[in-house]
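K.L.:
As a plain string of letters, each chain reads:
Protein chains: 4
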Amino acid sequence: MTSPTATLLVSCPDRPGLVAKIANFIYSNGGNIIHADQHTDFTAGLFLIRIEWQLEGFLLPRDVIDTAFAAIAKPIEASWQLHFSDTIPRIAIWVTKQDHCLLDLLWRHQAQELPAQIALIISNHAHLESIAQQFKLDFYQFPITKDNKLEQEAKELELLQKYQIDLIVLAKYLQILSADFVAKFPNIINIHHSFLPAFPGANPYQRAYERGVKIIGATAHYVTADLDEGPIIEQEVVRVSHRDTVADLIRKGKDLERLVLSRAVRLHLQNRVLVYGNRTVVFS
Amino acid sequence: MTSPTATLLVSCPDRPGLVAKIANFIYSNGGNIIHADQHTDFTAGLFLIRIEWQLEGFLLPRDVIDTAFAAIAKPIEASWQLHFSDTIPRIAIWVTKQDHCLLDLLWRHQAQELPAQIALIISNHAHLESIAQQFKLDFYQFPITKDNKLEQEAKELELLQKYQIDLIVLAKYLQILSADFVAKFPNIINIHHSFLPAFPGANPYQRAYERGVKIIGATAHYVTADLDEGPIIEQEVVRVSHRDTVADLIRKGKDLERLVLSRAVRLHLQNRVLVYGNRTVVFS
Amino acid sequence: MTSPTATLLVSCPDRPGLVAKIANFIYSNGGNIIHADQHTDFTAGLFLIRIEWQLEGFLLPRDVIDTAFAAIAKPIEASWQLHFSDTIPRIAIWVTKQDHCLLDLLWRHQAQELPAQIALIISNHAHLESIAQQFKLDFYQFPITKDNKLEQEAKELELLQKYQIDLIVLAKYLQILSADFVAKFPNIINIHHSFLPAFPGANPYQRAYERGVKIIGATAHYVTADLDEGPIIEQEVVRVSHRDTVADLIRKGKDLERLVLSRAVRLHLQNRVLVYGNRTVVFS
Amino acid sequence: MTSPTATLLVSCPDRPGLVAKIANFIYSNGGNIIHADQHTDFTAGLFLIRIEWQLEGFLLPRDVIDTAFAAIAKPIEASWQLHFSDTIPRIAIWVTKQDHCLLDLLWRHQAQELPAQIALIISNHAHLESIAQQFKLDFYQFPITKDNKLEQEAKELELLQKYQIDLIVLAKYLQILSADFVAKFPNIINIHHSFLPAFPGANPYQRAYERGVKIIGATAHYVTADLDEGPIIEQEVVRVSHRDTVADLIRKGKDLERLVLSRAVRLHLQNRVLVYGNRTVVFS
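Going down the list, the protein sequences come from chains A, B, C and D.
Oh and the first sequence: position 113 is 113 in UniProt numbering, straight run, nothing missing.
Oh and the second sequence: position 81 is 81 in UniProt numbering, straight run, nothing missing.
Oh and the third sequence: position 203 is 203 in UniProt numbering, straight run, nothing missing.
Oh and the fourth sequence: position 41 is 41 in UniProt numbering, straight run, nothing missing.
Keep in mind that a hint or two might mislead.
Derived list of chain B stretches under chain A, where covered just means 3 residues or more per stretch with a C-beta under 8 Å from a C-beta of chain A [as the list claims (entries may be wrong)]:
#1 25-39
#2 193-205
#3 278-284
Derived by calculation from the structure, the hints in this document are not laboratory data.
Keep in mind the model is a prediction, meaning the values are calculated, not measured.
Glycine included, every Cβ here is placed at the ideal spot set by N, Cα and C.
With the hints as constraints, model all of the structure from the sequences given.
P.N.:
The following block contains the structure:
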């Protein structure tokens with residue numbers, strides 16, 4: 001299972017023959033499918049599929065596959081992504097002051113749970129620079145004020161380009177990115193410290209405490225221009241009681257946050273998440 | 001453990017000596033405490049306790065206990081409830097057309113999970129009358145329109161009085177009770193088919209589907225004048241995926257609803273729930 | 001989505017081209033695939049797939065599909081099952097004295113959650129006969145002693161044949177079926193009241209209490225000649241505490257049992273479970 | 001809430017007046033109780049209580065409390081523990097080669113989730129020495145063979161004494177401690193990577209995979225002379241599917257292990273765990 005694979009994520013209007021067409025494309029070129037999972041959204045009239053095959057023995061050279069598949073995809077009005085398992089995506093982790101999600105991602109990376117290269121850490125504070133040093137990672141601080149936000153974001157975009165970043169992970173980055181930034185760099189995963197759509201915005205634990213909920217949660221989602229409204233990738237919850245103070249909710253919530261964020265990042269890196277509308281299909 | 005017990009639910013401003021005072025009251029009168037659970041809300045400066053003792057050998061006659069405890073409660077500015085385990089509360093179950101919560105409560109009652117007498121069923125539809133007949137329970141239909149609501153509620157209140165009802169269980173009663181009704185009969189438990197405060201109001205499953213959440217929930221709460229805003233007693237959740245249609249969410253949600261509602265009703269009947277502010281302490 | 005579908009469950013040694021071959025079989029005959037989910041067990045070198053397509057517009061008559069597919073299946077050494085969504089399986093529910101799983105299955109059947117016909121109820125006791133009457137179902141009692149077991153099982157097998165039963169659901173049937181019976185009628189789902197492989201055999205709740213576990217569970221599995229060792233379909237758990245007596249574990253466990261059993265039966269009836277070795281693939 | 005507190009954990013044969021006696025002891029000496037939670041095990045005829053009060057204003061000097069309480073405890077045949085919240089226990093963490101539980105404990109300690117001093121790390125391998133260095137912790141390696149075990153354990157006991165260790169945390173220490181060692185140092189918490197009593201002993205994930213379970217778990221327990229049979233403090237589970245290989249179970253299990261172990265250690269450090277027989281009461 002260590003030989004490299006290719007993965008196609010395809011979505012198109014539903015019609016007969018789609019599985020056959022796509023499977024034939026792979027088989028007729030000598031590929032061995034190791035994962036095929038399909039979903040039909042009948043409400044949307046949409047067909048979605050994830051298909052992964054071994055590149056060893058595959059007759060098409062890598063740089064031709066995309067073009068070759070286009071010949072199949074165009075007639076069925078499909079949009080698709082093609083990924084190779086040995087093309088390692090480059091990640092930028094964005095933080096503010098809290099270290100739990102950052103440390104968790106770094107540890108999981110060391111433990112080879114995350115097939116990615118962590119290329120840099122960006123923060124609006126200097127607080128976590130020592131962690132970057134400890135893990136020998138580049139660290140950039142961009143303090144954000146009401147006035148300098150767009151200017152700073154422009155520099156951040158430059159940096160992302162320079163570092164050839166594929167994915168931003170907001171690991172408790174407590175600033176809102178501008179709609180313009182999100183439009184220019186749409187591959188962003190955020191962790192929100194509540195069970196969305198409950199408690200969007202600020203201070204979810206305080207508000208969960210005040211509402212007296214018996215379960216709290218965390219949500220990992222893609223970032224869109226609408227705050228905390230992007231497509232949800234993963235959620236998890238934990239039971240709380242009247243004995244739990246706000247500090248306890250925060251402590252318990254931190255465990256949820258690092259679990260949920262790392263699961264979402266891993267699913268994304270394995271090309272298991274397909275967004276359509278404001279929803280995700282997670283081929284797990 | 002089958003001998004009758006008394007239970008005190010007490011809340012008062014926190015100060016030293018409260019546990020001792022209350023425990024002494026019981027011990028000095030010959031009572032054996034079988035459950036004592038205390039909570040201090042430091043934010044609110046509030047002391048809350050549930051204390052249950054065996055009545056066998058207790059020196060105070062039942063009808064004197066309340067008066068006797070008042071002598072302790074007044075100086076500490078306490079509010080309290082006194083319950084006897086062999087005084088069986090009388091329940092009215094309110095339904096509309098869905099039968100799953102009603103049937104579940106009736107089964108659990110047969111299985112002796114709910115220490116209560118189910119005294120009548122009220123509905124705005126005739127749909128579930130046959131279930132009432134099958135279980136030999138009185139059934140009353142009160143169709144609700146915009147115009148007749150207050151009038152019908154008046155009749156319902158009369159009926160509740162006639163049947164000496166202690167607790168209303170809204171087992172998927174899809175009408176909103178007026179603020180006036182709730183003021184006159186405040187002991188009402190409702191099941192809401194979402195993980196509150198997410199998706200209050202109508203069509204929570206449809207909206208959960210559209211939002212693309214990965215977990216759905218149900219919430220049992222006391223009814224207040226603010227819709228779906230009352231003190232939460234119990235919540236439970238279940239994982240869903242992109243494969244789940246709205247119909248699947250409804251099906252999975254029904255399992256949550258009956259579980260959560262029955263747990264909340266049981267906790268209430270065991271006098272384990274103490275409301276303060278908009279929160280509950282659940283001494284479970 | 002209400003038009004009838006056909007479902008193939010296929011397993012065979014892994015090799016390239018399997019998805020394409022099977023998808024082509026359906027497409028070339030005019031079928032529209034609505035669900036395709038594949039799994040490769042690399043340890044076992046096994047390919048397993050569930051594929052479901054709409055029969056409307058499918059060119060092959062139903063009675064020819066099996067033979068036609070054999071031409072594809074033989075060369076790839078596949079074993080397969082073919083099911084039609086409008087061929088409703090016939091179920092026999094076996095019980096002893098406890099009613100919770102039986103009632104739950106009957107209610108779910110009424111609520112159209114279980115695509116099956118409940119054809120009869122068999123019990124070693126007369127205890128639940130009234131429920132059978134209430135639901136207008138045939139009920140047969142076969143008291144079991146050490147001496148008459150094989151004899152009674154022979155009669156039960158006759159009855160299963162007479163009623164054309166496809167699936168036995170042991171809904172808290174507290175007798176062990178003989179290896180011979182299981183060999184003759186292998187389609188049996190059992191609910192065991194523990195988190196297997198913990199606490200197989202008798203009195204699992206008592207033993208869970210004595211061991212002081214913090215979580216209890218229930219397990220639905222296919223029955224094999226080895227007691228509580230058959231392929232697991234579904235499991236669920238619930239948290240318990242020191243406050244829970246054995247009676248509480250039993251009460252909480254009953255909720256798990258009915259949930260887990262009904263989920264497993266539903267998965268089976270939707271042809272989502274594929275057994276290989278002592279494991280199941282659940283295409284859910 | 002930052003002023004120091006005292007906590008009594010008491011167990012004795014059940015009889016009337018126990019709560020009053022203990023609460024009076026505290027109140028009559030000017031203490032303000034901030035947590036009181038009691039449990040009666042009717043099967044065992046045992047009364048168990050955790051009671052915590054503020055030391056500020058308490059009339060008895062600390063070094064007298066134990067003797068003073070003895071006067072109450074002796075007549076009721078109670079065994080008890082007395083703890084002060086500002087007496088910080090000293091921990092030794094024992095590891096083999098896996099770092100996830102160790103790192104998790106170290107992070108949580110940094111995040112002030114664990115009220116303890118991590119005083120040293122012991123391992124049978126040199127593998128994790130660099131982590132000890134990074135966190136500036138003393139590290140001792142005691143390679144274990146069949147022949148040198150007792151000899152090494154003697155040295156380890158000496159070291160524990162020298163470092164004044166109160167609690168050993170086996171954070172994936174893959175050696176079995178001798179019965180003699182456990183008798184001499186009974187305060188040991190272990191994490192076992194299965195849902196005990198399922199899969200005790202070696203290779204639980206491999207065996208869980210082979211059994212085809214749908215949920216895996218982890219268990220934190222006190223160590224006794226019987227392997228994996230000690231009193232359970234905490235358990236947690238996670239859902240798995242046919243898609244999960246043994247490597248996936250190990251990966252998912254690691255998240256459980258660190259969560260469960262840290263919860264158990266925290267509960268122990270907060271003096272919330274009372275062992276009786278082979279069971280625990282967790283006053284959480």
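K.L.:
Look at each hint and say if it fits the structure.
P.N.:
Now for the hints, and whether the structure bears them out:
A stretch counts as covered by a chain when three or more of its residues have a beta carbon under 8 Å from one of that chain; for the segment 25-39 of chain B and chain A the count is 1, and the coverage is violated. Note: the segment 193-205 of chain B has 5 residues with beta-carbon separation from chain A under 8 Å; the three-residue rule is met and the coverage holds. Under the rule that three or more residues need a Cβ within less than 8 Å of chain A, the assignment of the segment 278-284 of chain B holds, with 5 such residues.
Consistency with the previously given hints fails for number 1 only.
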